[in-house]
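With the hints as a guide, dock the two chains, each given alone in a separate frame, to form the complex.
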Amino acid sequence: MLFFRSEEAIHGWCEERDHPVRPIVTMEQLWGLARTWYSTRLQVESRRPAPDEMVGIFAGLGLEGAFWDPAADSFAGGE
Amino acid sequence: MSIHEELDTAVKLTVYRHFAESGTSPALEAVASEVEAEPGVVRSAFARLRAARVLFLEGDGDTIRMAPPFSAVETQHFVESGGVIYFANCAWDALGIPAALRQEATVRSRCEQTREPLRLAVGLDGPGVSDWLFHCLVPAAHWWDDLVFT
Numbered sequence: 001m002l003f004f005r006s007e008e009a010i011h012g013w014c015e016e017r018d019h020p021v022r023p024i025v026t027m028e029q030l031w032g033l034a035r036t037w038y039s040t041r042l043q044v045e046s047r048r049p050a051p052d053e054m055v056g057i058f059a060g061l062g063l064e065g066a067f068w069d070p071a072a073d074s075f076a077g078g079e
Numbered sequence: 080m081s082i083h084e085e086l087d088t089a090v091k092l093t094v095y096r097h098f099a100e101s102g103t104s105p106a107l108e109a110v111a112s113e114v115e116a117e118p119g120v121v122r123s124a125f126a127r128l129r130a131a132r133v134l135f136l137e138g139d140g141d142t143i144r145m146a147p148p149f150s151a152v153e154t155q156h157f158v159e160s161g162g163v164i165y166f167a168n169c170a171w172d173a174l175g176i177p178a179a180l181r182q183e184a185t186v187r188s189r190c191e192q193t194r195e196p197l198r199l200a201v202g203l204d205g206p207g208v209s210d211w212l213f214h215c216l217v218p219a220a221h222w223w224d225d226l227v228f229t
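Residue numbers (my numbering), protein chains in the order written: chain A, 1 to 79; chain B, 80 to 229.
Check before you lean on any hint, since a few could be wrong.
[To be verified] With beta-carbon atoms standing in for the labels, derived distance ranges: (1) Pro23/A x Glu115/B: 38 to 48 Å; (2) Glu15/A x Arg129/B: 27 to 37 Å; (3) Asp141/B x Thr26/A: 31 to 41 Å; (4) Gly62/A x Ile164/B: 24 to 34 Å; (5) Glu117/B x Thr26/A: 45 to 55 Å.
[Unchecked claim] Covered by chain A, according to a simulated footprint, are these stretches of chain B (three or more residues, beta-carbon under 8 Å): (6) 109-121; (7) 183-192.
It should be emphasised that the hints constitute simulated quantities derived from the structure, not laboratory data. Just so you know, these numbers come straight off a predicted model, no measurement behind them. Virtual Cβ for every residue (Gly too), placed ideally from N, Cα, C.
Same shape as in the complex, but just chain B (with noise of 0.2 Å):
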């Protein structure tokens, strides 16, 4: 393993192991302090795992929108588990934090064109049966085009 490997594995075990304690995203600075190395050595990390489609960053290089299934902003889709409350990406994401975290969750929702709630309990095996839907507008091909409207 190289050594820019081993930074960019240590940087997003951190970042994601961050998130799935708290919730939230961490900021550069605590990361770098976490992995023992500079900012902009950390910034260069940032941005590599942002090419591999691991992390995605606001437009200051710095601040952490995503790390899939993990959302750094309020979005309509909750996950409660263990005591903490999280914010997916996205439906798909919504069922990924969960099978991330190998834990029991409850997933809450919406239906976007009834606004009915959805309630959802996943174990680990999954959700039980349910007979909701889920609908992806952009094709595979373009996920990462732009992954906020994907």
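For reference, chain A alone in the conformation it holds in the complex (with noise of 0.2 Å):
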């Protein structure tokens, strides 16, 4: 999970090392990832979010798909 200049960079990162392209995630998308996740965790009440809590969250941030999905096994090879 990196940080990128633009998504140039991201392509030239992923070809060079016969990785493919995966969803791009803007500042404002990671921001609120971010928050959901970790806003609580240093109190008492705090808990990661449940598998499928998350693919709701990611939705609500426009992150659709199976990419997303703590379930899918369209994914199953994984990387």
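Dropping the structure here:
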């Protein structure tokens, strides 16, 4: 999970390593993920989102599809 | 709340508050002292918190490698906040640290391809407008298969 300066940089990095280009996330979307996952982490009631909650969280940030589904089997081989 | 749940919550909060105050991970013995429990009991709590994906441990089962978003080891993702320097496990966690602290912070990292440095001010409402991007190679279904790689 890395930062990149541009889409061109992402494509170059993936191509050099023979990796597929995955969905590209904006800084605004990344802040949404960070806030959702971690804003209560120092509190007593904190908990990590359950897998069935994650899909809705991702979709709310515009991140949809099997890549963002913790239960998806279409990526069964992983990396 | 069961006895295990009470202990696990106390251990989790002790670990996270130690990271928040110092930027470093606490030793198992220090956590045991703080929660007034035997080290073996805390070791079992660590294992349950690992199973719940709250902590990531080194192979010895005693040493904390990650308490996401905090990293116990140096990475390319630095966060400065309130006079403390933190290391984040990844780009997501670099923003996760100010979110967890609920404090303003400065995130320093880099473009992984061009090595251009990133310096990002993060306020209580998040970073300002930035055209930097985030890319995750591993699908969500496999993030914890190899968390260090992810």
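Going down the list of hints, with the structure as the test:
| no. | hint | in the structure |
| --- | --- | --- |
| 1 | Pro23/A x Glu115/B: 38 to 48 Å | holds, 46 Å |
| 2 | Glu15/A x Arg129/B: 27 to 37 Å | holds, 36 Å |
| 3 | Asp141/B x Thr26/A: 31 to 41 Å | holds, 39 Å |
| 4 | Gly62/A x Ile164/B: 24 to 34 Å | holds, 33 Å |
| 5 | Glu117/B x Thr26/A: 45 to 55 Å | holds, 48 Å |
| 6 | 109-121 | violated (count 0) |
| 7 | 183-192 | holds (count 5) |
Taken one by one, the earlier hints fail for this structure only at number 6.
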